[in-house]
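*Asks:* Chain by chain, the residues:
There are 2 protein chains.
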Amino acid sequence: MAYKYVYSFGGGKTDGHGGLRELLGGKGANLAEMAKLGLPVPAGFTITTEVCTAYYKNELVFPSSLKKEVKLALARVEKVMGCHFGDPKNPLLVSCRSGARISMPGMMDTVLNIGLNDETVKGLIAKTNNPRFAYDSYRRFISMYGDVVLGVAAESEKAKSPYEHIIDQLKENKGYESDTDLDADDLKELVRSFKSLIKKTLGVPFPEDPQDQLWGAIAAVFNSWTIERAKAYRQQYGIPEDWGTAVNVQAMVFGNKGQTSATGVAFSRDPSTGENYFYGEYLTNAQGEDVVAGVRTPRPINRSKDLPDGVDTTLEEEFPVAYNELNFIRNRLENHYRDMQDIEFTIEEGKLWMLQCRNGKRTAKAALKIAVDLVKEKKLDQEDAILRVEPEQLNQLFFPVFNEDDLKYKNRKIIAKGLPASPGTCFGKVVFSASEAETQSDEGVILVRLETSPEDIKGMFAAKGILTARGGMTSHAAVVARGIGRTCVAGANITVDYDRGFFKTAKGEIIKAGDFISLDGTKGEVILGAFHSTKLGLTDDYHVFMKWVDKARTLRVRTNADTPQDAKAARIRGAEGIGLCRTEHMFFQSDRIDHIRAMILASDAKGRKKALNSLLPMQRDDFYQIFKAMDGYPVTIRTLDPPLHEFLPKTEKEITALAKKFSLSLEAVNDRISTLHEQNPMLGLRGCRLGIIYPEITRMQAAAIFEAVVKAVEEGYKVAPEIMIPLVGHEKEFVLQKSIVDEVAQEVLSKIKAKVKYLVGTMIELPRACLEADKIANAKADFFSFGTNDLTQTTYGLSRDDAGTFLHYYLERGIWEKDPFVSIDQQGMGQLIEIGVEKGRSVNKKLKIGICGEHGGEPNSVAFCFKHDFDYVSCSPHRVPLARLAAAQAAIIANKAPQEAKKAVKIDEPKAKASPKTKAAPKAKPAAKAKAKIGRRATKRPKAVSTVNPAALKAVEKILNAQKLTKKKNPKGPNHDD
Amino acid sequence: MAYKYVYSFGGGKTDGHGGLRELLGGKGANLAEMAKLGLPVPAGFTITTEVCTAYYKNELVFPSSLKKEVKLALARVEKVMGCHFGDPKNPLLVSCRSGARISMPGMMDTVLNIGLNDETVKGLIAKTNNPRFAYDSYRRFISMYGDVVLGVAAESEKAKSPYEHIIDQLKENKGYESDTDLDADDLKELVRSFKSLIKKTLGVPFPEDPQDQLWGAIAAVFNSWTIERAKAYRQQYGIPEDWGTAVNVQAMVFGNKGQTSATGVAFSRDPSTGENYFYGEYLTNAQGEDVVAGVRTPRPINRSKDLPDGVDTTLEEEFPVAYNELNFIRNRLENHYRDMQDIEFTIEEGKLWMLQCRNGKRTAKAALKIAVDLVKEKKLDQEDAILRVEPEQLNQLFFPVFNEDDLKYKNRKIIAKGLPASPGTCFGKVVFSASEAETQSDEGVILVRLETSPEDIKGMFAAKGILTARGGMTSHAAVVARGIGRTCVAGANITVDYDRGFFKTAKGEIIKAGDFISLDGTKGEVILGAFHSTKLGLTDDYHVFMKWVDKARTLRVRTNADTPQDAKAARIRGAEGIGLCRTEHMFFQSDRIDHIRAMILASDAKGRKKALNSLLPMQRDDFYQIFKAMDGYPVTIRTLDPPLHEFLPKTEKEITALAKKFSLSLEAVNDRISTLHEQNPMLGLRGCRLGIIYPEITRMQAAAIFEAVVKAVEEGYKVAPEIMIPLVGHEKEFVLQKSIVDEVAQEVLSKIKAKVKYLVGTMIELPRACLEADKIANAKADFFSFGTNDLTQTTYGLSRDDAGTFLHYYLERGIWEKDPFVSIDQQGMGQLIEIGVEKGRSVNKKLKIGICGEHGGEPNSVAFCFKHDFDYVSCSPHRVPLARLAAAQAAIIANKAPQEAKKAVKIDEPKAKASPKTKAAPKAKPAAKAKAKIGRRATKRPKAVSTVNPAALKAVEKILNAQKLTKKKNPKGPNHDD
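Heads up: the protein sequence lines correspond to chains A and B, in order. Here the first sequence stands for residues 68 to 1045, numbered as in the working numbering. Here the second sequence stands for residues 68 to 1045, numbered as in the working numbering.
The hints are all genuine.
Identical copies look the same in the list; a pair holds intra-copy or inter-copy alike.
With a cut-off of at most 30 Å between alpha-carbon atoms, the simulated DSSO-like pairs for lysine-lysine come out as follows: (1) 571 with 676; (2) 574 with 677; (3) 574 with 717; (4) 913 with 822; (5) 590 with 799.
Just so you know, the hints here were simulated from the structure itself, not pulled from any lab data. The structure displayed is predicted, hence computed values, not measured ones.
Just need the whole structure built from these sequences, with the hints factored in.
*Replies:* Next up, the structure:
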């Protein structure tokens, strides 16, 4: 039985349609869809992505029936276009282009003008009566084919190609200034030179047979799926390797047949601002690559905006008929796809041809404007509008960014990479100590440290940015920088030499104190030199859009906030409570660190209690401020978590100072530090273990919380405290800590009449906690908050602080598809979370479940949490808006999924059964079965969703896998959400 | 409906039997069994363990129907014994004793002579015509009751009791030398004094009502279930808190009614040597406590051995009739229980009474002899004999031990506790450096270090024992000490001050260089002063017994051996292969450490390869020697696992020396050390991550292995290499490393004609590996070896090296029942192992599964592995014999379980339904349901097993929970066991 590997389009008979993106790729599906809409698409056919998969599985051999199918499809093209491939008199020329499911612009190869040789070029001349055009096409074909298919190319990406060298030589010889000076003979001469270059380089002549040319091009495009830049791109955007690309073979039309021909690119709205006018550029007498290449300056298609200097005409004026048709098509397409379209067109001797259309890329600002406008224009409902915006884009609105279009920036020298510890961008002079940062702050400085400590706080305030060689996303530097709004790159691969005042990059470059560097805290880049930043800011569209988002979503979004300042910032961004308040971060402040140190150095419980008593009023006031800021929204406060030695100084000088301050012998302090030293602090005396060994700590913190509650309630505020016990691995740990909290609550709250409801719950951040979640729930835990940072660390046996040495390598080699600290490892760790949720809810159906790891603000992870019926996600204040958006998208997709899936089944199911994938896995081992299952589900992807953004598209796939698409509560108003 | 809470025994009508140990406790079940056998047991009744459980659940209130049942049972005792409780003329006196399922000798309370008061004492005088005896009983009763029930007791365990003070005072006043000088009036005087002391102390008089006395005593015994020493004992022996104790109330008989009365303790065989003669001691005119208290020296019961000095008669001579009856009973009991019995008896005015019998405690040597002899005597089959010996006991045979009977040792001062890192005992002078250890080795030294490093090796050889303040069971010190056979206590709670030449204990004691300390590496104790050790050695019985063990077991036992010496030692102890050869331990040797350091300091792959090439021949030779030692048995070699910085020096001095040696700048070396520094090395660049980042390391190790294979095969040895990839978390890691191993194997093995079968498998030591075990198995892993050390660390988020600071506290508070690093956490981590096994075998039914963590030699963990159908366990060489025994016991119990369970059902099931436990958990929550299920299973425990040792008993419980009691292969002969 033969599979259908080839889908024809154009000329009134089209096999495919826009819903077959998986099979035909984005370009192929859109061409089919345009053809179906009756738009003037040059005829062609698409070789499916299944061929790509089979090709790679079968050691680069095509399925046997493909040849025959291509032959038949090509015959159809010949019939529609009225010419013949390889016909010396009336030749058909074709292009061969890649087309993956998701656009990977410029990543894969393209070959144009296939079918030209020394014979057919004569036919082309005869047909067009335009020898210059014919030879121009021919020489373009040879250089492109030579480059892409035969590999006779420039030595590096930036070097000139050997073909350009030949052209330059000829122009120099002839004294020409521009390519347009080249006449037909010159171009014919170039054809000869190019061919001889290729023969000389390869030892074999350039292929003259059009069939050879075509198959060479098809193979080259499939091969380009796995070239380095394509792989890198897929990795960056999380596109699976096994999706493969389709190949589109299409009749050539020519924008370079003289002054009646043109070619251009247009957007149905302005992709920078989102304004609703027809935006585009074109070149007369040119092929598409000329527009992109930037050799000639293209002209605007109309006068909607002022013309640039030196431009005096537009497409509308030069080709009024074609322009009107194009403008009509623009509206047709936008109405059809209900999204801003990116259109490629060519006018051949006055006739308009549509080459491509797809959803246009856009800035965050434009994305919001377009979404809001389309709804206003009633072209889109709010839910679909929400699916049009990528969550990650929202980041652009809140933090300074470097100018991506700046050429200097494009050529920037990244001297080190680290963790994106605190977002934003900045530049400044390098200093190596907090005191220098303070004294030189007027000049704008970047504080560079091995790691920071509480001693450095003032210097961190004084600096514009902070760069550290050690530490992870939750290191002191990262936490403080996010708290005080400084850009920070942490754990960068540099070595710092304080004594000699420089740091050294992995490549051995020396950066001295006083040198300028720039930091990109959103990306984790350290850049040589000074780059200025801009900040976009919020628009009205943002506010309108986010209102819709909040209406659509069911998952609540909280924030991780450690200070009243954080809490306020997060409220402004729409946080509906605090999911994690790390009390210890309050201790890092300089007026408190002494007290916590006094507690650590105390020799007995009495001494500890005394020191804790000094901390109590400070913590109480912080909590009071936070309760006020969150007026009525739940505030989750975690009891002390980090190992105590994190609060102690590290250098001899600091230790000596500390001993003096506390009138202790240096020996005593060193003894204590040595006792507290741990080989693996992450796995040591921390979390609830501290509160169990030193119950007075938990007692003090509980007292501070409930005394703050009393104060806030007495002043008329609503409060909803949720006390969270960290690092619980055994239910008895929780029981012991909860009993202290309850006891203190009873003592303190008895002083007021008002009844205050408070919850006591636990972080689920150890594999054992997931496995024993039923027992923990049974011990009367009111809520679970998945601490996915630590859970990732223990599930993988991987320290976030130390992973830097090999994480990049693992991602580059594809061992891990994604950084598990960025996006929840749904496949592995996801199982533990699933076990935890199931077991917890098996005991208590109403168990409130949230997440407070860094993953809480990552769209795929948010979708995962939605799927597993979480009540809320909690993330850094700056990620709150995008978590809201991701939550809304997950809810919308889940709502759509059942009926959409139903529709899709009718179209795709028969094919899925006959697909070569299914055939390629004959052994019905469990794992193979599971794969087959996923494959089946994937084919059920709904049609309409194929026009949404890539992130949302991926989300659909995941949501469709959800076994239970259950009810969700409505997140309205403050107070406890259960 | 009323439960049966009270079981009567004696006088021809007995409710219980020996199979009801759970309900009646060990003592109660045995008394019932003895009564059923027709032996002369004083009548009495047992209040069941269910009452204990209900009592604690119900806030120390007894079930309401208990009073009535006790009344009825007491009436039966009165009838049988022909006297009445509280009858002033013919009083019945009773004892009240605890009795848990498993004997907890001396841990709980006992009250004797209940029923005496100022009235009944007169009846006792009249009845016995012996006022001295009566008042002696009365004063004993008051002091015991005052102490145990009323809490009028000595201030500390070592202090004299207030009653003894009063006696001493009286004796001084009267000028008496011994207690026997006290006459009836003196004793009457004591009764008065004791009572007045109690009234003065408590403010209320001593209870005169016998019913009050009885209920006070019953409550006191139940209360003693939860006193500190009982809790500590249970924790040490892993006895669950909720088992509870039974209480036995029994008619008193008196060995102190004058010269025709006596009391004694006997063993049916010698408990020290196991020799088959009637062994025991007795005292004339005494109560049982006198024998135990050691105030008077007891006499032997017969002349089987020479009499001690000053002893001139025996029970056999003094009480020939009673002795003959006792000797008859001895044989009756041994035949009945088929085990050596520990018997308590009393002769009251010539009549023999049996007070107790139970399986006797014994030394390892005796345990083996008794087991072997009983089989020879055809009293026992081999399988039951195997169940009679506790695996842990075997340790006594292999390593020196301190003399437990030495009074000085009993009063030893434990100055610090640490991990039992390398077994054995020793003493020596403290030194603080390896060089001192070398120069002073003649004197016998203990090397004390913060932690050891490869620089210390010679000093470690020179020392008798090693004590470190940091590091866990797999630290350098522990690993090397085990390898070279030195006693080691690691990670002890001491602080070491090298500069001033002392270490300090947690209590602040200073131990200086030159001071004597003793180490117990089996227990992890550091003891002040010098204690000599003895070594038992192996007996013929051992060899006979272990042959039976090997016949009975199905689970294979391998060893963790890193050197040819280890391998040989393990073979001698019966290891059937190597389950873990940690190649890096070879690197710690002084001739190799330089090469590995050269590799680490190399700046590129070329430099690394050069250094690795120098290591290759050394590793090859080691492997060759190991293959030879294991001739044909499988040898599992793990590729490099620890983070590289473990191989680098730590002190400035050593670093400077290293830089000089390698002609590198100090800066360069420090740079490298700083780059390799990790916050949490356990979670860092180690395991297969090393082999992935530096494939040349894996390549070298694979080459060394297969070149050794070639050499061994060419010399005619059989080899079965199994290459193990550590720390795999993602199947792709395994694929990458396996491909290197396979490639090298092909290269090297192609040189010989013989076909060598080798396996490539992986450690399963990360939660993610368990969760994704199907994918890893699918990636063609030939075997899984559960690395339960690391798996425990990651499942708990707990560093073994750092847990010392709070682990003791957690165990003492009962937060954890057992140290999870010692015995597999079956409840929590067990789930991950189960998932791993199930998923792995779902892909490959024949997947070979083993364990190579420290747990592999712990009996409960061995039973767990058996239950989960492992192919083998692997443990330290010295634990191989006990793992063999534990494996045999697990297999025997599993075989017995089905039919035994069937039998048991008939007897117990109706009761289980009506048990108060079931009633006490009315909510059918999942967790409660699970508990109920366990309860049900527990009641099905087979009857016969109630006579085996405690460890085996616990194992039954676990095995009965096994859902699949499937087939097991027979472990015969060498070569791959699949």
